[in-house]
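2 protein chains.
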Amino acid sequence: MKDLDGLFTHFLRDIYYAEKQVLKALPKMARNADSEDLREAFESHLEETEQQVENLEKVFELLGLKPRGETCPAINGIIEEAKEIMDEAETGDARDAGMIACAQAVEHYEITRYGTLIAWAGTLGHDEAVSLLQENLGQEYEADRKLSDLGETTLNREAA
Amino acid sequence: MKDLDGLFTHFLRDIYYAEKQVLKALPKMARNADSEDLREAFESHLEETEQQVENLEKVFELLGLKPRGETCPAINGIIEEAKEIMDEAETGDARDAGMIACAQAVEHYEITRYGTLIAWAGTLGHDEAVSLLQENLGQEYEADRKLSDLGETTLNREAA
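Chain order of the listed sequences is A and B. Going by numbering that gives the first Met the number 0, 135 is the number at position 136 of the first sequence; the sequence numbering is gapless. Going by numbering that gives the first Met the number 0, 34 is the number at position 35 of the second sequence; the sequence numbering is gapless.
It is possible that part of the hints are untrue.
Note that the list lumps identical chains together, so a pair holds whenever it fits in one copy or between two copies.
Stated by the list, open to error - Derived SDA-like pairs (lysine to any residue); straight-line CA-CA distance at most 25 Å: (1) K1 / E39; (2) K27 / Q133; (3) K27 / P72; (4) K27 / G124; (5) K27 / E89; (6) K57 / I117; (7) K82 / R12; (8) K65 / Y140; (9) K19 / P72; (10) K145 / S34; (11) K1 / A158.
Please keep in mind that the hints were generated in silico from the structure rather than gathered at the bench.
Chain A with its partners taken away, still in its complex shape (with noise of 0.2 Å):
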């Protein structure tokens, strides 16, 4: 992590490890979702994440270095909220504002990665990559949307 190319490498893996560990977590999800919609959106989440990995690993590629991820502690602590609150929380509207909320924090943080990713590829002129990380980003800011308009019509549920 010496220099911006170093950083680059380093948030590359660390985002990789990161949507490696989102595609894990999301078929638990998906079958904990109390509403058919919720469900719907993770399975769908989960068919573009597959997708979102092999753009990362044509970005290892482009820059001639082999696909590996870096433990991200940020999204691991995420993820292990979302597992606290499906064991804890009672089944219905309230436990789906809470994993729909952190889907959102998982979101948050692919956008301020991919953010940062697609600033620095320019920089460094990774004109390809840039292009693919872009797709990755705007899936993440249309998954964060729909969770929105879904916790909206959650708690709507919930406070009827």
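Let chain A serve as the given structure and place chain B on it in line with the hints.
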């Protein structure tokens, strides 16, 4: 964390812990910033964070609770990464860019948490809490925007 009330308290303690960790981390980040602008940005966000902690203490009070934090591994992970970068990267624009990236990850974590808390406080009828949390959220958005601008300037210098 059984119902929405319990989840709200849990997330409030989580962000209270997070803000207090940020309070501890910011002076070191300010001291390590290479550019004057970045140092000032960290110092001014330190003052805001002190105010935000007070706002959160008011929210606890409104709910009849004693202010208490709950360990948040996500924020610890993000701050740990900032420390690694300060230790490992060479002083200068690249290291500043790395610190900016970590600070933006902090902001995004806080943005998503305040977003959730505001939505839930509304559903639970904690109207005064909504205003206090919105004040914090507004400052986090503004801090993130400022960091994006500083990041761009830093990368332009690095590229030159």
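The hints, checked one at a time:
{"no.": "1", "hint": "K1 / E39", "verdict": "between (43 Å within a copy, 24 Å between copies)"}
{"no.": "2", "hint": "K27 / Q133", "verdict": "neither (27 Å within a copy, 32 Å between copies)"}
{"no.": "3", "hint": "K27 / P72", "verdict": "both (20 Å within a copy, 21 Å between copies)"}
{"no.": "4", "hint": "K27 / G124", "verdict": "neither (39 Å within a copy, 32 Å between copies)"}
{"no.": "5", "hint": "K27 / E89", "verdict": "within (16 Å within a copy, 42 Å between copies)"}
{"no.": "6", "hint": "K57 / I117", "verdict": "within (14 Å within a copy, 39 Å between copies)"}
{"no.": "7", "hint": "K82 / R12", "verdict": "both (24 Å within a copy, 18 Å between copies)"}
{"no.": "8", "hint": "K65 / Y140", "verdict": "neither (28 Å within a copy, 36 Å between copies)"}
{"no.": "9", "hint": "K19 / P72", "verdict": "both (13 Å within a copy, 19 Å between copies)"}
{"no.": "10", "hint": "K145 / S34", "verdict": "within (14 Å within a copy, 38 Å between copies)"}
{"no.": "11", "hint": "K1 / A158", "verdict": "between (52 Å within a copy, 16 Å between copies)"}
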